[in-house]
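Line order of the protein sequences matches chains A and B.
Position 295 of the first sequence, counted from 1, bears residue number 295 in the numbering used here, the numbering being contiguous throughout.
Just remember that the numbering used here sits 1000 ahead of the position in the second sequence, which is counted from 1.
Some hints could be false.
[Claimed, not checked] In silico DSS-like links for lysine-lysine, alpha-carbon gap of 25 Å or less: (1) Lys-8(A) / Lys-1310(B); (2) Lys-1019(B) / Lys-310(A); (3) Lys-116(A) / Lys-1291(B); (4) Lys-1295(B) / Lys-110(A).
Think of the hints as simulated: they come from the structure by calculation, not from any bench.
In this text, all values refer to a predicted model and were calculated from it rather than measured experimentally.
Number of protein chains: 2
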Amino acid sequence: MIKFSINKAFFLQSLNITKRAISSKNAIPILSSLKLEISQEGITLTGSNGQISIEHFISQDNQNSGLLISSPGSILLEANFFINIISSLPDVTLDLEEIEHHQVVIRSGKSEITLKGKDVDQYPRLQEMTTQNPLVFNTKLLKNLIAETAFAASTQESRPILTGVHFVLQNETAFKAVATDSHRMSQRQLNLDKAGDHFDVVLPSKSLRELSAVFTDDIETVEVFFSTNQMLFRSENISFYTRLLEGAYPDTDRLLVSSFETEMVCQVASLRSAMERAFLVSNASQNGTVKLEIKQGQVTAHVNSPEVGKVNEQIETEELAGNDLTISFNPTYLIEALKALKSETVRIRFISPVRPFTLTPGDASENFVQLITPVRTN
Amino acid sequence: MIKFSINKAFFLQSLNITKRAISSKNAIPILSSLKLEISQEGITLTGSNGQISIEHFISQDNQNSGLLISSPGSILLEANFFINIISSLPDVTLDLEEIEHHQVVIRSGKSEITLKGKDVDQYPRLQEMTTQNPLVFNTKLLKNLIAETAFAASTQESRPILTGVHFVLQNETAFKAVATDSHRMSQRQLNLDKAGDHFDVVLPSKSLRELSAVFTDDIETVEVFFSTNQMLFRSENISFYTRLLEGAYPDTDRLLVSSFETEMVCQVASLRSAMERAFLVSNASQNGTVKLEIKQGQVTAHVNSPEVGKVNEQIETEELAGNDLTISFNPTYLIEALKALKSETVRIRFISPVRPFTLTPGDASENFVQLITPVRTN
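Construct all of the structure, not just a fragment, from the sequences and the given hints.
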């Protein structure tokens, strides 16, 4: 029967990480539970929503944890409720002790709270994975490439495969992440330091966003393992499992054309601000587009919403070359594309008013490329 | 036709204050507009939702405003939309100019936005008030007494009068604010520095909460004026009108009994924390009450939710006198009452398990008194 004491703040931090995998409105009621497993070495917290699962280990060797285990065991507790109780405790430490019938007594200061739990046998088994030959990612790099791509995935379930991000490793070290909702696309490429086996998988963009929140910046590297239907991201204390999306991802390489007719470089911040004003006015009308006009060395953006009003913006450019062109598109896509760019300037290349245009960082590095499809207005 | 230029940040601040009176989902569509009136002296912004109305004056004499008026006039603009546009402008200043057909052109940096407005004749007239012999409140004092009482008003429309706060002035300087939802009551009394005429009104608690947000702490005093159906709070630049609730407010004085059988004083923070834990567990069961037991010099709090678990809390007291007593109540009411107390300690006085108990600041000042009705559990 479980018995341990622990620092409240430390415990709470670990609980909150694990909670990210737990939904209180799950179709499988038992998944609203948190699993606590106490061994002589430490505590393993497990949470899952069927799509993602998180295992968080608190080692008794960790000085900050204040963890002192008197007796091992395991139990299921209603996650939200348990975490709220822990966070409301009066003292800096707490004792947790299991009593008969899967109940735990939590003591802290002058407070004593008894909670009903459940037998761990009721919890579904997580699928096991072989953990050999990991791919190793720098955590920051991994989180950056998620931030650069996941937003471009579809949020609609009409084509489920497009709600994911396509991860591909080719030629041992050439890694590529790409997402598209069929209106825009974002692709990041990078070279891994260590060679890995070829893979080609699609990860739910939702899982990737949770992953970014779970692996904090103090965790330097993350090991990555694959199986046919899931992927494991692992640091010293955290194992993050996510299911993969099934199906073939569309061929996005054919969308990237290297020729172009018109090219401009401008400041990300001022272009974004101009597009935000354009969005405000365009959003009030039905077509919701902005018209970009490149003419005689001048770039201007126009919106005309008969009901509401008009916007005219002069866009300052640092470079401008090629043919004159007028192209219409949804300003939201350009705003989101610019948000994903870390660089100060952006290079935009146009082929024609009816062909997608590309965005790359202003320094012309092609490892991060985005694509936006125009809207035909006549 | 309007023409002026103004500092963007300053204008935005004034717009956001006025916006507090404007709802985009009003039954009267024209009330989603903001009224701009420009005179040689400055700009008056007006917003109203029919319940509250705010007039905000920006003086040309205010150095920070950067206001320069070239031509007076007036116009109605869709409030939310206009404010979003202003906040998105690129430069620190903006020019606004009216052109034909109630349109305005806003210029800032390299951006030019044209918005459609409406004729001010379409805007309803605010009811005028005679502004003589104001009552003068210290702003902080006024906001404090709102924070101490408004939360206790009812949120249900079944007895509309209870959604208000009762303001009464008697004997020229004796002011009282009281709110009750029939389960609990909160009353603040204070003596005004300057004598005023007798009044007895009920103000919507919602209006009072907006008022607290509108009059910032840098405004030292607020003048108050009454009419039969509305009340005006006025500072140098802001006029805040609210409708009064109609009907007789129940007699709350009879609820305050001076005799008691049991009295305790304890720390607000630790009692509140204990009640928050009690709430977490009690909230999971149907009756949702906590049982307070005063017995042989000990105070304990108990919750027993058969489905979920139990709470036992020892409550430390600084003073404890009188008869033993066991009383049950909804911990939410005690938590909210303790939140409203600015003092470190609270004095609680009980008459019997079936009679309301009172809370006052620990120093026994009776100018702020709260009352909570127990729940009969058997």
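The hints, checked one at a time:
1. Taken as a hint, the Lys-8(A) and Lys-1310(B) pair is honoured in the structure, with Cα atoms around 20 Å apart against an allowance of 25 Å.
2. Restraint check for Lys-1019(B) and Lys-310(A): satisfied, since their Cα atoms lie roughly 23 Å apart, inside the 25 Å limit.
3. For a cut-off of 25 Å, the pair hint linking Lys-116(A) to Lys-1291(B) stands: about 20 Å separates their Cα positions.
4. For the hint pairing Lys-1295(B) with Lys-110(A), the CA-to-CA distance comes to about 17 Å; that is within 25 Å, so the pair holds.
In summary, this structure violates none of the numbered hints.
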